[in-house]
Amino acid sequence: MIQFFKNHPYTSVFSAVAVVLLGSGVVLINVLMGASASDSKNSLPRYDTAEQAARAFVEEESIWKNTAWIQTTNGENFLLSERRDHVFLAGHITEKEDYFQSDIISATMSFRGPEGEAMAGGGSFEVVSDAVVEKPYEFRINKKEEYVVPHSEYAFNIVTSDKEKSVVKSVEFLEGIKQNDEPAVSPTFESGNYTMIGEKNRIGFIYDENTSPFRAGFENKYMWHFWGDEETLEGSFRVTGEKVSTGEEVSIFEAEELGGAQNGADAHIPSSMSIPRSGKWQLKTYIGEELFGTVVVNVIS
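Numbering (this note's numbering), first residue to last: -12 to 288.
Keep in mind that the hints were calculated from the coordinates and are not lab data.
It is possible that part of the hints are untrue.
Below, simulated BS3-like cross-link-like pairs (lysine-lysine); rule was C-alpha separation at most 25 Å, straight line [said to hold, decoys possible]:
id, residue 1, residue 2
1, 131, 152
2, 187, 150
3, 130, 187
4, 152, 187
5, 150, 130
6, 150, 131
7, 271, 187
8, 187, 208
9, 187, 156
10, 267, 208
Please take these sequences and the hints and turn them into a complete structure.
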């Protein structure tokens, strides 16, 4: 039996995805992924405890932010992960006789607006259990529910769809794998008579956060400098930006070739750069098709 996501009238952010019966001997199928039921379940790793399965879900799905490990009054274990800002993924832990497995039960659910902001409203989907309850659970995600996800603008609850009674017994929040590995803003260093930000003796651009900070949506001029042999520095140059918290990617700058030595570096190029939104961004630089280096900057509003 398959139940599809159903949206509240005030949201249209969900994609259609199937969630099948949870319980003994029943598998999960993500329609968008086209996964085979038998292949999907047989390939899942096995764990000794539900906690191990929950923490493995965080690792395997590369969850950047927090995951709610939810235990229901009927003895089931669900997972709700904020993969990145305002982007969620739901999972379920299946208990067998001598092991546990975790699996995805939803497509990625995005509550991000066109500017990366948290959208108003929310949504819900149904999860049916053949072994525990006669009526499906309704999994709700919005800004007004009882259980708030840490460092998030959203909250959740799981209720019985007939009586709207919460079936949440306990919630434990698991930290995302990326939180402690988030890249730091690049250091500054001196070259020639200038202060630069980047990686010393590799790549950097002239920068002073007091006089020429990155401001969201504003264009400014920056002089890039490069260190390396002639062959390494030969080719077109481009810069892409990736927002650390969301993974959003934008094109920043492109040029056909680099200029000669300047300010103690082996090559240079002037640029005009603008980053659309505030936050921490990785500026990834490419010479030809090869990644040359990354500079991490903080963009203010």
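Status of the hints after comparison with the structure:
1. 131 to 152: holds (16 Å)
2. 187 to 150: Since the Cα atoms of residue 187 and residue 150 sit roughly 63 Å apart, the hinted pair is violated (cutoff 25 Å).
3. 130 to 187: Judged against 25 Å, a Cα distance of about 45 Å means the pair is violated.
4. 152 to 187: violated (59 Å)
5. 150 to 130: holds (21 Å)
6. 150 to 131: holds (18 Å)
7. 271 to 187: holds (16 Å)
8. 187 to 208: Judged against 25 Å, a Cα distance of about 20 Å means the pair holds.
9. 187 to 156: violated (53 Å)
10. 267 to 208: holds (19 Å)
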